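Protein chains: 2
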Amino acid sequence: MKFLIFAFFGGVHLLSLCSGKAIYKNGICKRTFEEIKEEIASYGDVAKAIINLAVYGKAQNRSYERLALLVDTVGPRLSGSKNLEKAIQIMYQNLQQDGLENVHLEPVRIPHWERGEESAVMLEPRIHKIAILGLGSSIGTPPEGITAEVLVVTSFDELQRRASEARGKIVVYNQPYINYSRTVQYRTQGAVEAAKVGALASLIRSVASFSIYSPHTGIQEYQDGVPKIPTACITVEDAEMMSRMASHGIKIVIQLKMGAKTYPDTDSFNTVAEITGSKYPEQVVLVSGHLDSWDVGQGAMDDGGGAFISWEALSLIKDLGLRPKRTLRLVLWTAEEQGGVGAFQYYQLHKVNISNYSLVMESDAGTFLPTGLQFTGSEKARAIMEEVMSLLKPLNITQVLSHGEGTDINFWIQAGVPGASLLDDLYKYFFFHHSHGDTMTVMDPKQMNVAAAVWAVVSYVVADMEEMLPRS
Amino acid sequence: MKFLIFAFFGGVHLLSLCSGKAIYKNGICKRTFEEIKEEIASYGDVAKAIINLAVYGKAQNRSYERLALLVDTVGPRLSGSKNLEKAIQIMYQNLQQDGLENVHLEPVRIPHWERGEESAVMLEPRIHKIAILGLGSSIGTPPEGITAEVLVVTSFDELQRRASEARGKIVVYNQPYINYSRTVQYRTQGAVEAAKVGALASLIRSVASFSIYSPHTGIQEYQDGVPKIPTACITVEDAEMMSRMASHGIKIVIQLKMGAKTYPDTDSFNTVAEITGSKYPEQVVLVSGHLDSWDVGQGAMDDGGGAFISWEALSLIKDLGLRPKRTLRLVLWTAEEQGGVGAFQYYQLHKVNISNYSLVMESDAGTFLPTGLQFTGSEKARAIMEEVMSLLKPLNITQVLSHGEGTDINFWIQAGVPGASLLDDLYKYFFFHHSHGDTMTVMDPKQMNVAAAVWAVVSYVVADMEEMLPRS
Ligand SMILES: [Zn+2]
Ligand SMILES: [Zn+2]
Chain A
1 MKFLIFAFFG GVHLLSLCSG KAIYKNGICK RTFEEIKEEI ASYGDVAKAI INLAVYGKAQ
61 NRSYERLALL VDTVGPRLSG SKNLEKAIQI MYQNLQQDGL ENVHLEPVRI PHWERGEESA
121 VMLEPRIHKI AILGLGSSIG TPPEGITAEV LVVTSFDELQ RRASEARGKI VVYNQPYINY
181 SRTVQYRTQG AVEAAKVGAL ASLIRSVASF SIYSPHTGIQ EYQDGVPKIP TACITVEDAE
241 MMSRMASHGI KIVIQLKMGA KTYPDTDSFN TVAEITGSKY PEQVVLVSGH LDSWDVGQGA
301 MDDGGGAFIS WEALSLIKDL GLRPKRTLRL VLWTAEEQGG VGAFQYYQLH KVNISNYSLV
361 MESDAGTFLP TGLQFTGSEK ARAIMEEVMS LLKPLNITQV LSHGEGTDIN FWIQAGVPGA
421 SLLDDLYKYF FFHHSHGDTM TVMDPKQMNV AAAVWAVVSY VVADMEEMLP RS
Chain B
1 MKFLIFAFFG GVHLLSLCSG KAIYKNGICK RTFEEIKEEI ASYGDVAKAI INLAVYGKAQ
61 NRSYERLALL VDTVGPRLSG SKNLEKAIQI MYQNLQQDGL ENVHLEPVRI PHWERGEESA
121 VMLEPRIHKI AILGLGSSIG TPPEGITAEV LVVTSFDELQ RRASEARGKI VVYNQPYINY
181 SRTVQYRTQG AVEAAKVGAL ASLIRSVASF SIYSPHTGIQ EYQDGVPKIP TACITVEDAE
241 MMSRMASHGI KIVIQLKMGA KTYPDTDSFN TVAEITGSKY PEQVVLVSGH LDSWDVGQGA
301 MDDGGGAFIS WEALSLIKDL GLRPKRTLRL VLWTAEEQGG VGAFQYYQLH KVNISNYSLV
361 MESDAGTFLP TGLQFTGSEK ARAIMEEVMS LLKPLNITQV LSHGEGTDIN FWIQAGVPGA
421 SLLDDLYKYF FFHHSHGDTM TVMDPKQMNV AAAVWAVVSY VVADMEEMLP RS
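So the sequence lines, in the order shown, correspond to chains A and B. If you're matching positions, the first sequence starts at 1 in UniProt numbering and goes up one per residue. If you're matching positions, the second sequence starts at 1 in UniProt numbering and goes up one per residue.
Calculated directly from the structure, the hints in this document are not laboratory data. A quick note: this is a predicted structure, and the numbers were derived from the prediction, not measured. Don't take each hint at face value.
Repeated chains share a single entry, so a pair holds when one copy, or any two copies, can fit it.
[Stated by the list, open to error] No more than 20 Å apart at the CA atoms, straight line, and that leaves these computed lysine to aspartate or glutamate pairs for EDC-like:
id: 1; residue 1: Lys446; residue 2: Glu240
id: 2; residue 1: Lys86; residue 2: Glu387
id: 3; residue 1: Lys393; residue 2: Glu466
id: 4; residue 1: Lys393; residue 2: Glu39
id: 5; residue 1: Lys58; residue 2: Glu124
id: 6; residue 1: Lys196; residue 2: Glu35
id: 7; residue 1: Lys129; residue 2: Glu117
id: 8; residue 1: Lys129; residue 2: Glu118
id: 9; residue 1: Lys251; residue 2: Glu65
id: 10; residue 1: Lys325; residue 2: Glu114
id: 11; residue 1: Lys257; residue 2: Glu117
id: 12; residue 1: Lys86; residue 2: Glu124
id: 13; residue 1: Lys257; residue 2: Asp444
id: 14; residue 1: Lys228; residue 2: Glu118
id: 15; residue 1: Lys318; residue 2: Glu117
With the hints as constraints, model all of the structure from the sequences given.
Structure (structure tokens):
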């Protein structure tokens, strides 16, 4: 907080990070910010070498090609599926073959839900096959399905006002798309709210910023004491059509069949690999993405890209013969889509060493062209990250923004560890998210090169600086 | 051709369209171009009244709402389907109820093809359900399907070079998208070319400029003397994935099942309505769109929008109490998607009156925000159309471009009648074309208002001018 004063000094950079001119650490005033700046500036050549290798050199397109090979071979990787476990085994081999260190799997028990066969047909006012995707954790319908009249609402408020109309119906939500974090509550809570007013099932307009008749799945959450009802997403197009029909007073009847079922939890793993630190091996900079995905498309964007630029960051550093002072640890999370299950397990296992975590990084919002780094940490740490990001001037990606949080690193951030997420051009992300459209066609090898370069420079420099990032 | 000289006169507008200062028609030098310009300029207030009514007044959003009601009620309208005939009957009633004149149906025999049940599953290298849409006129497979190895090619040239590899295989075309007219040959000719080299079936990458895992159907053409093989479109995503797999030497096996079948031709109709001309009722300005569509989505964009702005043009003119000197004829074509079947029948029936057709107009490339009018006709006629379009200055849509052709008006244009098509912002058109995504969600009521205003001004003024458009 004191550090806010920094902004007023303009061009003068002889600022102190503790009172007077020096930084206190363990009671000792160690270095001025000017010294830290100089230290970071000394990584200019390393940063250029990483950028050259990733963007213009022989590592060009490697993360894209590695990712394509995995997701073409395995396909999507739902929590609890054989595909996910196959992907983990392949990655374990890949990381070993890449010459990374301490490659190992850390066991996690994860949910096992399958959608089974599913369909929805509009019976009135006309026969129309409705594209659906059951939502993760939803129960199924009876084998004969649920056939009921539809109540269309555009908000939870409207559902409350019309609660008396909902009993025995299928509630269709046609909520407008505002942004993902605001609109996703209809997917996560829609079934519970519909069940509270006596609905038999709920169909949720997909949380998507643009649609070509594509349903977008994702997790939903039941609530203790509220009946569980089947729930699926439908397309923006069908939600809007039913809304128009309802506004004309037309009766809509749908038959919904869902074979969704939750099985006992299964064994899975977080996949870990390292470049062990040369000077402070017990200290960690963590780079990560999640290996699981939804069961449609290829899970290429969410989060194959994040997982593979994280691997690529270590590969680039290793290829350049670099070994940072502290350990650079790659974690490929399992079961993120079920609520960060792998990440929670990892935190439980490793939180005893929390004082050794300098920075936790996750890429899980696309690997399109990066626009900067999202960061959560103290003002002092932010000032340091701004210097680190200035090393990316050759790529013109130097912004440090707020909100470094991500599902898989939040446990650490909430406990005070600085956290960073990759920010990229998100415009198209919610076109494809959790849909059949999340495939390699979305991915751009050149954009992945740049994303990997950013990821490698940030993680290497923070791992190699003389001091850990300050927490206050 | 003489008229090209016009361009060099700059601000001076006292140009003659025949030698000297006057225009010859039937051997009589009738009017100078300056006089025609003045005549057209005198429609300024009428044009403004049409624009005000359509864009800002009580007719706002009417074409959108009428269209939504039809396509929500009926759904898609494939040639030969009950849906199409239902839509024609509804439109017949709509046009009568709207108070239009000479509302009638002109019989046409049209093709009746149905896709039936269809599916494709990749069996090797991994199980993957492939989204397909059988192509119009394709034969089906045997009930047990066709299971065969895949040969992926990116062009007809590559298929020729690798002809010896094609026998007994399913040919997958992964041609790049250049533009619709250049790339669509793979859809129309892909099966024939594959059959010539002994393939059992062909799967065509959808002709789409952007994809969220959506297949795009359309007509395909068999050739006498070449075996008929089943053919369907697949998504851009799956075509690209199979291309990557093949480039790694991976064997791909697909099981294709198609229940497609061609039935005997059925009875259908072109739907016609008029505002009968006050002075030259035998002379015609034709405005049109097609009422049929593919059997997926709602046929809202292709070509519900074109059909409904054409109807709207007549409604706007009628609402303003206007009656042009010659007859304004609305035609809603049947079976355009099968190769302009309704339009061909209409031409056969009416070509005897061809000398009375002043202008044929079709909107079949979207009703997004119009950018101008595409026009085919003599230089003299083009100069007149440029004056007519200058009446649309209040909407800032005054361009007259080339290529007025359209499937349903080409017979007339080839026989010398001036023809015009609506040009609009085509950027997104091939995102949705012939796919499940062609729904009302694509349509924008405000853009349709503007398109209808352009359509009404052009058709009314050309129908009301003292003289028909010159053909030479
Ligand atoms: Zn994710
Ligand atoms: Zn069309």
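Report task. Against the structure, test the hints numbered earlier, and report the numbers of the ones violated in rising order. Result -> 2, 3, 5, 6, 10, 13 and 15
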